[in-house]
Amino acid sequence: GESVGLHLPTLSVQEGDNSIINCAYSNSASDYFIWYKQESGKGPQFIIDIRSNMDKRQGQRVTVLLNKTVKHLSLQIAATQPGDSAVYFCAENRGNFNKFYFGSGTKLNVKP
Amino acid sequence: GAVVSQHPSWVICKSGTSVKIECRSLDFQATTMFWYRQFPKQSLMLMATSNEGSKATYEQGVEKDKFLINHASLTLSTLTVTSAHPEDSSFYICSASKSWTGGRNEQFFGPGTRLTVL
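Protein chains in written order, with this note's numbering: chain A, 171 to 282; chain B, 461 to 578.
No wet-lab data here; the hints were simulated from the structure.
Just so you know, these numbers come straight off a predicted model, no measurement behind them.
Ideal placement from N, C-alpha and C gives every residue a C-beta, glycine not left out.
Don't take each hint at face value.
Heads up, simulated DSS-like pairs for lysine-lysine below, C-alpha to C-alpha not over 25 angstroms straight-line [as the list claims (entries may be wrong)]: (1) B:K524 with A:K269; (2) B:K526 with B:K501; (3) A:K269 with B:K515.
Sample of chain A residues lacking proximity to chain B, with all beta carbon distances greater than 10 angstroms (derived) [said to hold, decoys possible]: (4) Q184; (5) G186; (6) Y195; (7) Q215; (8) Q228; (9) Q246; (10) D254; (11) N268; (12) N279; (13) K281.
Construct all of the structure, not just a fragment, from the sequences and the given hints.
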């Protein structure tokens, strides 16, 4: 059922600092993961993905780390900018080729 | 590019009425589309998988008679919220899956539809 009254955890960082957003996933069969950014009132936007045969992948200013042993993902954002302020979700693909299940999300607040 | 649109972007309706939301892939064909629901300050919850030309597959706990999905073409899927009630008020988001040769399908999200039921 739906959870009522949940509030997203918030990470506040200073502009220019590095940010680390964490996500725990539940299904050990999940083999593909994506980080999404969602701005208020908009749909999710793809940031970076990683397959389960990797433990690290880098993009432009972003790095995703995957620890399959403890079922944990992290998203690192270098030199965080005000435009990075948004809610970040990890999504896991549980073996079905295209179905993704989203984690609970973290709100990133970048202070100028 | 791979653009997905939704219409309407927001809708207000009276309790007991039905509302139809459209999801279109504008510049690619999508054999599979997905519908999500998102309550304020919560995550996206997958509701159903919509396959072109066949019946939608619903996630556990989602009433198929309440949320009617039609995927009549490779570029259009519709979600109809039947006999809407205030608890159906939410942000509905669709995504469309695009096939890449030799790789995993990529999913592109629409901008969402805000439904408010009075």
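Hint-by-hint comparison with the structure:
1. B:K524 with A:K269: 18 angstroms, holds
2. B:K526 with B:K501: 24 angstroms, holds
3. A:K269 with B:K515: 16 angstroms, holds
4. Q184: 24 angstroms, holds
5. G186: A:G186 clear of chain B: closest Cβ-Cβ about 27 angstroms, beyond 10 angstroms.
6. Y195: Fine: 12 angstroms to the nearest Cβ keeps A:Y195 off the interface.
7. Q215: 7 angstroms, violated
8. Q228: 19 angstroms, holds
9. Q246: 21 angstroms, holds
10. D254: A:D254 clear of chain B: closest Cβ-Cβ about 18 angstroms, beyond 10 angstroms.
11. N268: Contrary to the label, A:N268 does not stay out of reach of chain B, its closest Cβ about 5 angstroms off (not over 10 angstroms).
12. N279: 14 angstroms, holds
13. K281: The claim stands: A:K281 keeps its Cβ more than 10 angstroms from every Cβ of chain B (closest is about 20 angstroms).
Hint check: violations occur at hints 7 and 11; the rest are consistent with the structure.
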